[in-house]
Amino acid sequence: MTDSAVTNILVAGIGGQGVMTAADILATTALAMGLDVKKTEVAGMAQRGGVVTSHVRFGEKVLSPSIPPGEAEILLAFEPAEALRWSSHLKQGGLAMVNTFAQEPPVVSIGLFDYPDDPMGQLAELPLEVHHYDAGHAAIELGDRRLINSIMLGAIADHLPFSADVLLDCLLQRFQRKGEKLVALNREAFELGQHAFS
Amino acid sequence: MNAVNPVTVAQRQFISGNEAVAQAARDAGCRVAAAYPGTPSTEILEYVANYPELYSEWSINEKVSLEVAIGASMSGSRALCAMKHVGLNVASDALMTQTLIGAVGGLVIIVADDVGLSSSQNEQDSRYWGRFAHLPVLEPSDAQDAYDMTRAAFDISEQFEVPVIVRLTTRICHVKGVVEAREATEAPQVGGFQKDPARFVMVPGNARHRIPMMMERDNVLRDFAEQTELNRIDPGSNTSMGVITSGAAYFHVREAFPDIPVFKLGFSHPAPVERIREFAASVDQLVVVEEVEPLLETELKAAGITLQGKELLPKVGELTPSVLRPKLAGMLGEALQDAELIPTTEVFPRPPTMCVACPHLGIYYCLSHLRNTIISGDIGCYTLGAGHPWNALDTCISMGASLSTAVGLDKGRAPGDEKKSVIAVIGDSTFLHMGMQGLLDITYNQANVTVLLLDNRAVGMTGGQDAPSSGLNLHGEETSQVDFRKLCEALGVKSERITEVNPYELPTLFKALRTETKIAEPSVIITNQPCVLTERYSKLPPMTVEADKCTGCSNCLDVGCPAILVERRETVVKPNGREKELSFVKIDTAACTGCDLCTNTCAPDAIVPALNVNAINAVEVK
Chain A
1 MTDSAVTNIL VAGIGGQGVM TAADILATTA LAMGLDVKKT EVAGMAQRGG VVTSHVRFGE
61 KVLSPSIPPG EAEILLAFEP AEALRWSSHL KQGGLAMVNT FAQEPPVVSI GLFDYPDDPM
121 GQLAELPLEV HHYDAGHAAI ELGDRRLINS IMLGAIADHL PFSADVLLDC LLQRFQRKGE
181 KLVALNREAF ELGQHAFS
Chain B
1001 MNAVNPVTVA QRQFISGNEA VAQAARDAGC RVAAAYPGTP STEILEYVAN YPELYSEWSI
1061 NEKVSLEVAI GASMSGSRAL CAMKHVGLNV ASDALMTQTL IGAVGGLVII VADDVGLSSS
1121 QNEQDSRYWG RFAHLPVLEP SDAQDAYDMT RAAFDISEQF EVPVIVRLTT RICHVKGVVE
1181 AREATEAPQV GGFQKDPARF VMVPGNARHR IPMMMERDNV LRDFAEQTEL NRIDPGSNTS
1241 MGVITSGAAY FHVREAFPDI PVFKLGFSHP APVERIREFA ASVDQLVVVE EVEPLLETEL
1301 KAAGITLQGK ELLPKVGELT PSVLRPKLAG MLGEALQDAE LIPTTEVFPR PPTMCVACPH
1361 LGIYYCLSHL RNTIISGDIG CYTLGAGHPW NALDTCISMG ASLSTAVGLD KGRAPGDEKK
1421 SVIAVIGDST FLHMGMQGLL DITYNQANVT VLLLDNRAVG MTGGQDAPSS GLNLHGEETS
1481 QVDFRKLCEA LGVKSERITE VNPYELPTLF KALRTETKIA EPSVIITNQP CVLTERYSKL
1541 PPMTVEADKC TGCSNCLDVG CPAILVERRE TVVKPNGREK ELSFVKIDTA ACTGCDLCTN
1601 TCAPDAIVPA LNVNAINAVE VK
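Keeping their order, the protein sequence lines are chains A and B.
Here our numbering is used: position 161 in the first sequence is 161, and no number is missing along the way.
When you read off a place in the second sequence, starting at 1, and then add 1000, the result is the number in our numbering.
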């Protein structure tokens, strides 16, 4: 069965939310730690407001790039309904970090489908460790909704097989060329994520 | 001119299969690379474009890209073309004859199968083309393999004077892994074009002589397959089952059954039948794990090797560990460990949508409000018009098919369909790829078709790449830009039957559609606003909804813009006693770019420019 030395993280959300970037930062951090890493990218149709997931797997040696259902240790969910959709990918007792900022697709808006009444309540009933926070609103208050990314990375920073500082370094390196203001803002978002999830 | 940059040996890079192919082409001294964008192969040429030492282009379509590569190969240069699976169907006309000519400079055809249909109109197995065209097929299993095998493909191509197919799948193209590049090869000598009509001019008299040579080449390649290190056996302690596999499935097999012997086929066609026969003798039971079609399985069974394949495994989709385990664990006598899985929760679907402010939104708003139409569709973002809320696309087959299918829909009208308007919807890049011929057929045969040519000056679906409609080449350099009005005129559409419209002006659009569908002649309506994913698009200040003015009529929701959200619903009873559901809306001002389309649909003028909006997009984070 799966090598237990491999860490499996599923990042899930909606096209345009920065799911791929978050996964990329996780993967490059693991790479910087000298680990073998595989990471799936989703392109094409899924970018257009569709569901986006990225599988990040790292360890001494990674074989298949796909995380089988029931084998993810961590689910980093950028949207509550997506957390629910992908919860079955987690193993029993797995960790779900959920941004509670809901985003309804047009098919819900026009009344063809219903958004779940209480996604967090449904998640709480599953045998998982669920932490949540409204990273969407927090990001907008910090000045840009794209900061969700850094908040979410902060959320799992203390649950990884490497230190939070390494992840933060890898994150901030991306903004190095874009000025100190952005670096400071992303650091703030990351640190907020580290502490805000309850 | 032909110098290649030295790369650091053993440098650990974290790159996708697509980027690995690009690097390998550069490191192999490839001099010409051509492609038409298509998921999942698009990024290959985007990465190649970063290397100034080799010529690279967006070609008009995949057949053209192959022919560009063929020409370069005939000149003695190493050449590559890249395409998605359906692209090779388009290129196959050239392929089936080029196989007789062979390769002079290394000629590598990268084809990416969209196993699992992430963004394609079908799922097909391009390994068939290797059989059909008598060409070797290499199958990388990850990004490192993609690098190594693309390099090997150039060598094999020159060694055997044969075009080589490298078959990727989505799971190779779009998976990043650790790749170690090797020292770039010394740039091979470019011999220059040597006239050789008996080889390069494929008329019957010449082609006839080349066919036996191709057959002989098959034999040589078969011997090579038995020798090459691209095919290898991973030993395993549990020999009660052995697996023969290739491509992405290799790692899935290794993950699912770490202890069994695995025959990894990197050079999968022609198959190394004798080595496989030996392997078969070393295990109790043999299974072929190949994604999509049972090609190897059929060939190996025909060679008298006892094995199983698609009796056990699906012919559709990826063969991931979670697919393989339940199907094959029994053969190992392993009980399926039924780990207690978290139950799955049914959640609403979240299909892909058009972008906020997409110029196609207005088109589909109008089309969804027209009655008595047959709307023939094509391949691109506008295929999404088949979905909610528009439901305004009736067919989608292949690149350019909207126009030619429309001819048949018109000419084959059944009694009762006389009054229906046949409309063809196609984008600029798709039109230039394979649609022009269809328009020529419409005018030549005077079909009663209204063509909507959605010119957003980009290949939108694959991310906004340039095309002749944008006036920019692969490198973003200015080049000639197609004039669609002149082009349509040249193809025989009367000047007065060509209308250019701004797709954000709904009344103009409606008028043009009503007029042109009534006139029983070929007509073309060309839209003229850019794809919102490209730099040509300029955002405007966002709109907002004045809540007290919104009557809940939901007209604006018919636009289908993802920035319009329902805030609350109410059911009211109308004077006639019928119930009506009202949807009161708001606009996501952070997403809205002020295209103004929805204000056209709002009778009570509740949609107004958003003043006092916090500058929440002020910080650029990418």
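No lab work stands behind these hints: they were computed from the structure.
Please read all numbers here as calculations on a predicted model, not as lab measurements.
Worth double-checking, as some hints may not be accurate.
DEER-style ranges, computed between Cβ atoms [what the hints assert, rightly or not]:
no. : chain 1 : residue 1 : chain 2 : residue 2 : range
1   : B       : Thr1479   : A       : Glu180    : 36 to 42 Å
2   : A       : Ala196    : B       : Ala1329   : 42 to 48 Å
3   : B       : Asp1417   : A       : Glu141    : 55 to 61 Å
4   : A       : Glu141    : B       : Leu1370   : 40 to 46 Å
Computed footprint of chain A on chain B, listed as stretches where at least three residues anywhere in the stretch have a Cβ under 8 Å from a Cβ of chain A [said to hold, decoys possible]:
no. : stretch
5   : 1151-1161
6   : 1293-1304
7   : 1390-1401
8   : 1422-1430
Derived lysine-lysine pairs resembling DSBU-like cross-links, with alpha carbons at most 30 Å apart [stated by the list, open to error]:
no. : chain 1 : residue 1 : chain 2 : residue 2
9   : B       : Lys1327   : A       : Lys61
10  : B       : Lys1420   : B       : Lys1511
11  : B       : Lys1539   : A       : Lys178
12  : B       : Lys1511   : B       : Lys1419
13  : B       : Lys1494   : B       : Lys1518
14  : B       : Lys1549   : B       : Lys1494
15  : B       : Lys1539   : A       : Lys181
16  : B       : Lys1327   : B       : Lys1419
17  : B       : Lys1539   : B       : Lys1419
Note that CB positions come from ideal geometry on N, CA and C, so glycine has one too.
Now the hints, each set against the structure:
For the pair threonine 1479 of chain B and glutamate 180 of chain A, the supplied restraint of 36 to 42 Å holds, since their beta-carbon distance comes to about 40 Å. As the Cβ distance of alanine 196 of chain A to alanine 1329 of chain B is approximately 43 Å, the hint placing it in 42 to 48 Å holds. Judged by the Cβ atoms, the range 55 to 61 Å given for aspartate 1417 of chain B and glutamate 141 of chain A holds: they are separated by roughly 57 Å. Taking the beta carbon of each, glutamate 141 of chain A and leucine 1370 of chain B are about 45 Å apart, inside 40 to 46 Å as hinted.
For the stretch 1151-1161 of chain B, the stated coverage by chain A is not satisfied: 0 residues place a CB nearer than 8 Å to a CB of that chain, which falls below the threshold of 3. Counting residues of the stretch 1293-1304 of chain B whose C-beta lies closer than 8 Å to any C-beta of chain A gives 0; at least three are required, and the coverage claim is violated. Beta-carbon proximity to chain A at under 8 Å applies to 0 residues in the stretch 1390-1401 of chain B; the threshold of 3 is not reached and the given coverage is violated. Interface restraint, the stretch 1422-1430 of chain B with chain A: violated (0 residues with C-beta to C-beta distance below 8 Å; minimum three).
This hinted pair checks out: lysine 1327 of chain B and lysine 61 of chain A have alpha carbons roughly 25 Å apart, not beyond 30 Å. With a CA separation close to 17 Å, the supplied pair lysine 1420 of chain B and lysine 1511 of chain B stays within the 30 Å bound. Taking the CA atoms of lysine 1539 of chain B and lysine 178 of chain A, the gap is near 22 Å; set against the 30 Å cutoff, the hint holds. Straight-line distance between C-alpha atoms of lysine 1511 of chain B and lysine 1419 of chain B comes to about 18 Å, which keeps the hinted pair within the 30 Å bound.
Pair hint lysine 1494 of chain B plus lysine 1518 of chain B holds up; C-alpha atoms about 15 Å apart against a cutoff of 30 Å. Using a Cα cut-off of 30 Å, the hinted pair lysine 1549 of chain B and lysine 1494 of chain B is violated, with the two alpha carbons roughly 46 Å apart. Note on lysine 1539 of chain B and lysine 181 of chain A: the hinted pairing holds, with a Cα-Cα distance of about 24 Å set against a maximum of 30 Å. Restraint check: the Cα-Cα separation between lysine 1327 of chain B and lysine 1419 of chain B comes to about 54 Å, which exceeds 30 Å; the hinted pair is violated.
Among the hinted pairs, lysine 1539 of chain B with lysine 1419 of chain B is inconsistent with the structure: their alpha-carbon atoms are about 41 Å apart, more than 30 Å.
Violated hints, listed in ascending order, are 5, 6, 7, 8, 14, 16, 17; each of the other numbered hints is respected by the structure.
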